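A.B. asks: Sequences listed follow chains A and B, in order. If you're matching positions, the first sequence starts at 33 in the working numbering and goes up one per residue. If you're matching positions, the second sequence starts at 5 in the working numbering and goes up one per residue.
Be careful, since some hints might not be right.
[Unchecked claim] Below, computed lysine-lysine pairings styled on DSSO-like, alpha-carbon distance capped at 27 angstroms:
1) B/13 x B/61
2) B/18 x B/61
3) B/13 x B/74
4) B/18 x A/129
5) A/35 x A/101
6) B/61 x B/74
7) B/61 x B/75
8) A/35 x B/18
9) B/75 x B/13
10) A/129 x B/61
11) B/13 x A/129
12) A/35 x B/13
13) A/35 x A/129
14) A/101 x A/129
Calculated directly from the structure, the hints in this document are not laboratory data. Being a predicted model, the structure only gives us computed values, none of them experimental.
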Amino acid sequence: DAKTTQPNSMESNEEEPVHLPCNHSTISGTDYIHWYRQLPSQGPEYVIHGLTSNVNNRMASLAIAEDRKSSTLILHRATLRDAAVYYCILGTYNTDKLIFGTGTRLQVFP
Amino acid sequence: NAGVTQTPKFRVLKTGQSMTLLCAQDMNHEYMYWYRQDPGMGLRLIHYSVGEGTTAKGEVPDGYNVSRLKKQNFLLGLESAAPSQTSVYFCASSTGFETQYFGPGTRLLVL
Chain A
33 DAKTTQPNSM ESNEEEPVHL PCNHSTISGT DYIHWYRQLP SQGPEYVIHG LTSNVNNRMA
93 SLAIAEDRKS STLILHRATL RDAAVYYCIL GTYNTDKLIF GTGTRLQVFP
Chain B
5 NAGVTQTPKF RVLKTGQSMT LLCAQDMNHE YMYWYRQDPG MGLRLIHYSV GEGTTAKGEV
65 PDGYNVSRLK KQNFLLGLES AAPSQTSVYF CASSTGFETQ YFGPGTRLLV L
């Protein structure tokens, strides 16, 4: 399985944009990029996923580099509720499992 | 629509005891998963199932067994609990490739 690398932690102030990076230099052509987040004392929840093009949904945006070796999860206006561990995971369309790493712990300050 | 539920929420075991964790989903998902999460760590996949009657090993299967006798249920068993199995256990389900939906977790303490 291709591996991802994320910073251990990041900080942001409330209502500011947050850019969470993820490196995946060994990504294959069929790997999708998934993002999940885990709020304190809860199970993970899906955030967004994409293949090649940038993606937007109500929670976040996903910007994928042209060579697909890195991606960035963008929270447009961080709120205190966005404080969580964010996981970047690779998986093919036919994959039957996702392998979680240690993620990035995001702290949001008022 | 309850989503994914886990029973029990918390349990204390003595070394050597056995127990079964129950995961139930009402979304008619084919795929179900069991993960464990140790303090300060990410999730590690224990076992998973791609359909009723099937199971497969994940990253850390040793010491655990699973069964998927009904599509909506996925059971995780510990035959002889060890302190190293103290962890938070999460169950998830999905239609396959798409989004995994997670339960609230079961906290297990093995003394």
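A.B. asks: Now look at each hint and say whether the structure bears it out.
C.D. replies: Structure-based check of all given hints:
no.	hint	verdict
1	B/13 x B/61	24 angstroms, holds
2	B/18 x B/61	26 angstroms, holds
3	B/13 x B/74	21 angstroms, holds
4	B/18 x A/129	32 angstroms, violated
5	A/35 x A/101	11 angstroms, holds
6	B/61 x B/74	19 angstroms, holds
7	B/61 x B/75	18 angstroms, holds
8	A/35 x B/18	37 angstroms, violated
9	B/75 x B/13	22 angstroms, holds
10	A/129 x B/61	11 angstroms, holds
11	B/13 x A/129	24 angstroms, holds
12	A/35 x B/13	32 angstroms, violated
13	A/35 x A/129	14 angstroms, holds
14	A/101 x A/129	21 angstroms, holds
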